[in-house]
Amino acid sequence: MADPMRIRAQAKDNNAIVRVLMNHEMESGQRKDGDGKIIPAWHIQDVSASLNGKVVMTAEWGPGVSKNPFLQFTIKGAKAGDKVAITWKDNHGDSRTDEATIS
Amino acid sequence: MHTRRQTLQRSLAVASLMGATGLFPHNAQAFEQAAFDAKSIADAVKAMGGNAPSESADVSLTGPDIAENGAVVPFGIATALPNVKRMLLLVEKNPNALIAMFNVNPEVDANFATRAKMGQTSDVYAVAITNDGKAFFAKKEVKVTLGGCGG
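From first to last, the protein sequence lines are chains A and B.
Counting in my numbering, the first sequence runs from 1 upward without gaps.
Counting in my numbering, the second sequence runs from 1 upward without gaps.
Certain hints may be false.
Stated by the list, open to error - Take a look, some chain A residues computed to stay more than 12 Å from chain B by CB distance:
id, residue
1, ALA2
2, ASP3
3, ARG6
4, ILE7
5, ASP94
6, ARG96
7, THR97
8, ASP98
9, GLU99
10, THR101
To be verified - From the structure, some residues in chain B lie toward chain A, with a derived Cβ separation under 8 Å:
id, residue
11, GLU32
12, VAL91
13, PRO95
14, LEU98
15, ALA100
16, PHE102
17, ASN103
18, VAL108
19, ALA113
20, THR114
What the hints assert, rightly or not - Which stretches of chain B does chain A cover? Using the computed rule of at least three CB atoms under 8 Å from a CB of chain A, they are:
id, region
21, 67-80
22, 115-127
Hint data in this document are derived by calculation from the structure and do not stem from the laboratory.
Just so you know, even glycine gets a beta-carbon here, dropped at the ideal spot from N, CA and C.
Construct the entire structure; sequences and hints are all you get.
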């Protein structure tokens with residue numbers, strides 16, 4: 001099981017700025033190991049964010065996103081006390097969901 | 001024995017066939033492998049449902065002028081254009097140009113930030129695709145002193 005994400009969501013002017021740090025290797029599929037064999041790609045493919053259970057943002061990522069990815073986005077009309085949940089799914093089928101409360 | 005190039009060409013061919021038969025509904029939550037396999041900016045934008053992109057001052061891309069570590073390069077992409085469906089972040093000289101795609105819903109601002117890997121000094125593109133398939137971009141050259149793709 002993957003390590004938890006760090007999520008910070010702050011309300012500002014009727015919007016909420018959400019910052020997420022995910023824990024993931026994000027192997028690019030370009031690197032080679034000691035024997036010269038290519039290490040297969042292992043990266044987050046799908047990211048989705050929901051506000052109080054309703055999906056508000058989805059994204060698709062390739063292997064070009066950095067290791068332990070950072071993501072920042074803004075939800076309109078969100079206020080303090082609302083719950084933001086972030087889910088990612090990688091190309092091995094592993095997934096993780098974490099939730100935070102907007103402050 | 002298939003080379004990587006042949007395999008890629010074949011998968012691209014299959015993907016475009018599937019696109020032609022409508023098996024790739026663009027609003028579905030299926031991972032757009034073809035777009036992420038694309039080698040060039042134009043191919044990736046096309047695979048994501050946009051026409052040939054034109055430069056626009058309404059799309060903004062923020063990032064460093066010089067990245068000391070190509071493994072972690074922070075970028076912000078944003079647009080003030082209405083009816084934007086998708087935002088893309090692309091690095092022209094990476095093995096696969098497309099870094100990330102964000103679906104823009106009415107509930108979120110078309111303003112995202114993330115970090116990308118860069119193999120070498122390259123032009124970086126932020127592309128906004130509107131609901132009617134028009135694509136607009138902003139670009140910026142980022143110099144990389146230590147690449148983050150090889151090893």
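Okay, the hints, checked on the actual structure:
1. ALA2: A:ALA2 clear of chain B: closest Cβ-Cβ about 18 Å, beyond 12 Å.
2. ASP3: At about 18 Å from chain B, A:ASP3 clears the 12 Å cut-off, so the statement holds.
3. ARG6: 14 Å, holds
4. ILE7: 15 Å, holds
5. ASP94: 14 Å, holds
6. ARG96: Its Cβ never comes within 12 Å of chain B, the nearest being 17 Å, so this holds.
7. THR97: Holds: least Cβ distance 16 Å, greater than 12 Å.
8. ASP98: 17 Å, holds
9. GLU99: 17 Å, holds
10. THR101: The claim holds: A:THR101 sits with its nearest Cβ about 18 Å from chain B, beyond 12 Å.
11. GLU32: Nearest chain A Cβ about 6 Å off; hint holds.
12. VAL91: 6 Å, holds
13. PRO95: Holds: closest Cβ of chain A sits about 6 Å from B:PRO95, inside 8 Å.
14. LEU98: 5 Å, holds
15. ALA100: Status holds, d = 5 Å.
16. PHE102: Holds, about 4 Å.
17. ASN103: Cβ of B:ASN103 sits 5 Å from chain A, so the hint holds.
18. VAL108: For B:VAL108, the interface hint holds, since the closest Cβ of chain A sits about 5 Å away, which is under 8 Å.
19. ALA113: This interface hint holds because 4 Å falls under the 8 Å limit.
20. THR114: 5 Å, holds
21. 67-80: Answer holds; 5 residues pass the 8 Å Cβ test.
22. 115-127: holds (count 4)
No hint from the list above goes unmet by this structure.
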